[in-house]
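*Asks:* For reference, the chains in residue letters:
There are 2 protein chains.
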Amino acid sequence: MSHAALRPLAFTEYVAERRADVDAALDRWLPAPPDCPAVLAEAMRYAVASGGKRFRPVLALAAADAVAVANGGDDEARAAAIALALPLACAVELVHTQSLVHDDLPSMDDDVLRRGQPTVHVRYGEGVAILVGDGLLAEAFGLLARWPATAEAPDAVPRKLRVIAELGQAVGAAGMVGGQAIDLAVTGSCGPHRAGASLDLAALSDMHARKTGGLIRAAAVGGAIMAGASAEQVAAMSAFAARVGLAFQIVDDVLDVEGCAATLGKTAGKDAGAGKVTFPGLVGRDQARLMAIEAVADAEAVLAGAGLSSPYLTGLARSVVHRRD
Amino acid sequence: MSHAALRPLAFTEYVAERRADVDAALDRWLPAPPDCPAVLAEAMRYAVASGGKRFRPVLALAAADAVAVANGGDDEARAAAIALALPLACAVELVHTQSLVHDDLPSMDDDVLRRGQPTVHVRYGEGVAILVGDGLLAEAFGLLARWPATAEAPDAVPRKLRVIAELGQAVGAAGMVGGQAIDLAVTGSCGPHRAGASLDLAALSDMHARKTGGLIRAAAVGGAIMAGASAEQVAAMSAFAARVGLAFQIVDDVLDVEGCAATLGKTAGKDAGAGKVTFPGLVGRDQARLMAIEAVADAEAVLAGAGLSSPYLTGLARSVVHRRD
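From first to last, the protein sequence lines stand for chains A and B.
Going by numbering that gives the first Met the number 0, the first sequence opens with residue 0, and the numbers climb by one from there.
Going by numbering that gives the first Met the number 0, the second sequence opens with residue 0, and the numbers climb by one from there.
Among the hints, a few may not be true.
[To be verified] Which residues of chain A face chain B? A partial, calculated answer using Cβ under 8 Å:
no.	residue
1	A24
2	I163
3	A184
In short, the hints are calculated from the structure, not lab data.
For glycine and all other residues, C-beta sits at the position ideal for the given N, C-alpha and C.
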């Protein structure tokens with residue numbers, strides 16, 4: 000990433016450049032032999048490389064950038080903010096990948112396809128898939144702590160610690176893992192203690208706020224923190240991301256209903272088949288789409304109210320509603 | 000923990016007090032409803048509470064204490080060092096528990112008993128057991144970042160970041176998770192890519208240095224760092240712990256050969272039955288015991304050479320050889 004990359008860019012160009020930043024950093028960071036056993040290294044790279052959109056890491060970088068702009072930063076300050084947020088961006092993508100690998104396991108959602116490719120446990124075996132997830136989770140936190148702080152940001156150390164705390168909360172038992180436990184309990188698919196149950200709209204939203212929303216929030220908030228955001232800016236970014244996360248999950252549910260395996264790259268219609276509670280299932284497809292559009296409009300308003308409007312954050316929020324996969 | 004706890008204590012009393020520090024802190028820290036879904040909270044506490052010896056966290060606290068003493072600290076300084084190392088001590092125990100829960104899974108070692116109790120997946124189902132491990136791992140890093148720094152230690156923030164980096168390395172793909180991947184490949188029990196293989200003594204030691212040694216090292220090194228150890232003291236603590244970790248795994252293997260299910264609380268003789276490569280299998284039982292004794296003697300010498308001798312660290316190192324379970 001060079002300063003030249005920060006000239007005014009159309010949204011799609013900007014996203015492509017940030018995605019390239021993230022992919023290059025992930026490639027540098029991911030473990031490789033001889034430090035890491037070859038099979039594990041290969042399986043971790045397979046999991047991370049399989050064509051993800053990098054939505055969360057790009058959000059983290061765009062959030063850092065927006066804070067730099069809001070605080071009067073020039074191109075150099077924007078580039079520095081993006082560079083400072085890059086470890087967090089990578090960490091969030093590793094955690095996201097971890098959640099997919101473990102969610103796909105036979106004792107969880109039992110998925111054989113992900114992004115059109117065999118899931119990690121299908122390709123490498125269940126034991127390796129469990130270790131891939133564990134490794135990704137540990138590496139996510141490790142890289143945040145290990146990545147050298149730039150000389151320009153003496154505050155980078157306490158900021159990193161705050162970001163690690165945010166990520167821990169987003170991922171932990173009250174966050175993503177907790178949301179997945181609720182999901183498991185509701186689908187009733189596993190173990191003697193899990194009776195089938197149902198969810199109303201509030202409980203479904205709570206589950207997704209944990210399962211999906213927390214990490215999206217941690218990406219945006221973490222990016223903002225690394226860029227030196229004020230408490231008010233962090234709060235606004237959190238509120239923005241919570242709404243975007245809600246929209247994201249609603250659209251996910253709608254796409255599952257509408258989708259086909261070819262488009263989604265995973266076994267579509269599966270949620271309904273597994274008796275999962277979904278937003279369109281609870282309120283209907285049209286109403287669900289409307290909820291997503293409203294959540295994104297709210298998200299933009301929150302951002303504007305805090306002086307953090309950014310064409311790239313707006314573009315990312317809207318892409319959540321308009322995406323087709 | 001009060002200062003009175005730091006009067007000269009016999010080894011067993013000291014260990015009992017540090018263990019009580021750790022158990023109380025873990026109980027305060029572990030997630031609970033309503034933040035965390037009830038089943039997950041229960042299963043996480045079940046995994047952590049099931050009678051472990053807390054060897055690694057007590058080692059972390061004793062390492063911090065030894066550094067405080069070596070640097071001329073009085074009772075107050077020793078108590079402060081122990082308090083600063085307590086989050087790390089808890090984090091290490093959570094990570095250790097995570098490794099046990101995931102290692103016991105059917106697709107890994109497939110164990111039904113752990114410390115005389117049903118393993119987590121037997122009791123709560125496989126899906127919950129996977130989530131318990133993921134949650135413990137995330138909470139371990141989160142608590143390190145979140146635990147409030149004491150006012151007495153302005154350096155606590157950069158120290159914590161170093162400790163998180165150490166823990167990430169110890170746990171990640173080049174560490175504990177990598178060691179488990181080697182183990183899985185050698186036992187050949189899982190997946191199309193895992194052909195049965197064999198290990199010589201160097202490769203077996205390398206596997207265990209990753210799988211068991213890294214976390215023991217992170218405990219001692221992390222405790223030392225939190226107590227403000229110099230680079231030389233950190234290096235000595237690392238060398239000490241590497242030798243203790245080796246002895247630990249050798250004795251584990253010997254006990255498995257000698258043991259019975261009643262004493263070990265797990266299915267004994269299982270390693271040999273599964274065709275696992277072990278130290279006594281490679282060099283014989285007597286020679287293996289001798290290797291462990293020599294490793295501990297080396298460990299003590301390293302510590303003495305750095306002026307870090309401590310009756311408690313010595314006691315912990317020797318307890319590794321003399322333990323019966």
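*Asks:* State for each hint whether it applies.
*Replies:* Hint by hint, here is what the structure shows:
About 16 Å separates the beta-carbon of A:A24 from the nearest beta-carbon of chain B, more than 8 Å, and the hint is not met. Hint status for A:I163: holds, given a least beta-carbon distance of 4 Å to chain B, under 8 Å. Given the 8 Å rule on beta carbons, the hint for A:A184 holds: about 6 Å separates it from the nearest Cβ of chain B.
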